[in-house]
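Participant: Protein chains in written order, with this note's numbering: chain A, 3 to 264; chain L, 34 to 194.
Be aware that one or more of the hints could be misleading.
In silico contact screen, one side only, chain A against chain L (beta carbon under 7 Å); selected entries [what the hints assert, rightly or not]:
hint, residue
1, Met3
2, Asn5
3, Asp7
4, Pro11
5, Ser51
6, Ala101
7, Asn104
8, Phe149
In short, the hints are calculated from the structure, not lab data.
The beta carbon of each residue, even a glycine, is placed where N, CA and C say it ideally should be.
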Amino acid sequence: MHNFDFVKPSSIAEAVKALSTEGAQALSGGQTLTPTLKQRLAAPTVLVSLTGIAEMQGVCLGSDGLSIGAATTHATVAKEAAAHYPALAALAGGIGDPAVRNRGTIGGSIANNDPAACYPAGVLGSGATVVTNRRKIAADDYFQGMFTTALEEGEIVTGVTFPVPQKAAYVKFNQPASRFALTAVFVAKFADGVRVAVTGASNNGVFRWSAAETALSGNFSAAAVEGLTVSSDGLIGDLHGTPAYRANLIKVLTKRAVAAAH
Amino acid sequence: MTKVSMTVNGKAVSGEVEGRTLLSTFLREGLGLTGTHVGCDTSQCGACVVHVDGKAVKSCTTFAADVAGASVKTIEGMNNPDGSLSVVQQAFQDHHGLQCGFCTPGMVMSSAALLAENPKPTEAEIRHYLEGNICRCTGYHNIVKAVLAASGQDAAALAAE
Numbered sequence: 003m004h005n006f007d008f009v010k011p012s013s014i015a016e017a018v019k020a021l022s023t024e025g026a027q028a029l030s031g032g033q034t035l036t037p038t039l040k041q042r043l044a045a046p047t048v049l050v051s052l053t054g055i056a057e058m059q060g061v062c063l064g065s066d067g068l069s070i071g072a073a074t075t076h077a078t079v080a081k082e083a084a085a086h087y088p089a090l091a092a093l094a095g096g097i098g099d100p101a102v103r104n105r106g107t108i109g110g111s112i113a114n115n116d117p118a119a120c121y122p123a124g125v126l127g128s129g130a131t132v133v134t135n136r137r138k139i140a141a142d143d144y145f146q147g148m149f150t151t152a153l154e155e156g157e158i159v160t161g162v163t164f165p166v167p168q169k170a171a172y173v174k175f176n177q178p179a180s181r182f183a184l185t186a187v188f189v190a191k192f193a194d195g196v197r198v199a200v201t202g203a204s205n206n207g208v209f210r211w212s213a214a215e216t217a218l219s220g221n222f223s224a225a226a227v228e229g230l231t232v233s234s235d236g237l238i239g240d241l242h243g244t245p246a247y248r249a250n251l252i253k254v255l256t257k258r259a260v261a262a263a264h
Numbered sequence: 034m035t036k037v038s039m040t041v042n043g044k045a046v047s048g049e050v051e052g053r054t055l056l057s058t059f060l061r062e063g064l065g066l067t068g069t070h071v072g073c074d075t076s077q078c079g080a081c082v083v084h085v086d087g088k089a090v091k092s093c094t095t096f097a098a099d100v101a102g103a104s105v106k107t108i109e110g111m112n113n114p115d116g117s118l119s120v121v122q123q124a125f126q127d128h129h130g131l132q133c134g135f136c137t138p139g140m141v142m143s144s145a146a147l148l149a150e151n152p153k154p155t156e157a158e159i160r161h162y163l164e165g166n167i168c169r170c171t172g173y174h175n176i177v178k179a180v181l182a183a184s185g186q187d188a189a190a191l192a193a194e
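Just need the whole structure built from these sequences, with the hints factored in.
Facilitator: Given below as structure tokens:
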């Protein structure tokens with residue numbers, strides 16, 4: 003790992019200022035960035051830790067939904083969101099392993115937008131709003147492809163606000179070595195329709211399966227998905243699974259998620 | 034180099050670190066606490082697990098400067114105040130919850146964190162919680178027995194494999 007200066011600001015304003023330094027990079031829980039730095043795939047001159055900022059911590063139920071500070075760890079979301087949004091809490095509680103969940107954060111996960119990460123499916127599947135130091139971004143506009151988001155230079159995720167659905171579930175087919183999703187599906191049923199988000203499957207990162215959304219909005223049952231087919235075009239193929247294998251998993255996991263939704 | 038201070042195993046410590054200094058490096062090379070092992074160095078194996086403010090974390094994937102001011106507990110701080118082994122350590126010894134011993138510090142720290150959260154875990158819960166701790170001797174069975182015993186449950190009931 004190349005060396006860098008380490009700073010740990012205590013407010014969003016100070017963090018934004020520190021990030022304006024040439025070569026500065028934000029660090030949240032570091033469960034992805036630290037291995038990346040060790041491999042010298044990134045070499046910032048300054049690492050700006052976001053873990054000491056009180057206004058970016060915590061889970062809070064308000065009139066516009068469930069708001070989660072960007073620096074809130076997966077372990078905290080798993081515990082504190084359980085009563086308000088059980089599917090999201092279960093998603094957080096299934097990321098990595100316990101020690102990873104005690105450091106990794108929701109903001110870090112969605113800022114990185116790994117194509118096999120869990121949170122992008124929860125955020126997109128819920129139609130959540132990503133809050134930054136500059137603006138609010140709808141999930142549909144936020145995720146823009148593998149490791150790509152709407153975030154601009156110097157912009158950091160400060161929180162995410164989730165509308166709470168009537169029913170939801172996240173079903174992940176674990177890649178057992180990495181504990182990332184080999185493919186996973188988040189299904190959320192709202193009064194005005196159903197959203198289905200898929201992670202781990204596409205070369206373009208998290209995406210919505212619109213045919214399933216239409217079918218499930220009319221009939222929220224696993225049978226509604228039965229007649230649909232998923233094209234394997236653009237899906238990930240690697241030693242763990244071919245594109246056709248993942249296409250099949252999308253359908254199977256969607257059915258399981260609908261059956262499990264509560 | 035910057036100076037960081039924290040509490041390690043109940044003692045106030047401080048040292049000079051670089052920005053890139055990992056907590057595992059600070060503990061091992063800065064403080065000489067080599068009980069914390071570095072296995073994979075890629076946050077897969079869990080040999081480096083320590084407690085930071087009571088929570089299990091992988092010290093090879095945490096920067097020392099990021100936990101300045103925190104209270105850290107390592108395997109060297111796990112024994113009872115009189116020097117005898119803690120319940121979890123004693124159970125690992127009694128049930129031979131180790132073969133080569135390399136993963137043991139991380140296993141003990143993760144097991145202690147599990148029991149703090151869930152004092153009477155089932156076998157399935159133990160295996161699930163220890164998912165991020167890898168034993169290359171494949172000695173999981175006795176480790177699970179040790180955790181069951183440490184929680185006051187009947188380890189003998191665990192079926193032989």
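Participant: Please go over all the hints and tell whether each is borne out by the structure.
Facilitator: Hints, one by one, checked against the model:
With its C-beta approaching chain L no nearer than about 5 Å, Met3 of chain A sits inside the 7 Å limit, and its interface hint holds. Hint status for Asn5 of chain A: holds, given a least beta-carbon distance of 5 Å to chain L, under 7 Å. This hint holds: Asp7 of chain A has a C-beta 5 Å from the nearest C-beta of chain L, less than the 7 Å allowed. This hint is violated: Pro11 of chain A has a C-beta 12 Å from the nearest C-beta of chain L, more than the 7 Å allowed.
This hint holds: Ser51 of chain A has a C-beta 5 Å from the nearest C-beta of chain L, less than the 7 Å allowed. Hint status for Ala101 of chain A relative to chain L: holds, with the closest Cβ pair at about 5 Å, below 7 Å. Restraint check, Asn104 of chain A versus chain L: the minimum CB separation of about 4 Å is within 7 Å; hint holds. Of the supplied interface hints, the one on Phe149 of chain A is violated, with its beta-carbon coming no nearer than about 19 Å to a beta-carbon of chain L, more than 7 Å.
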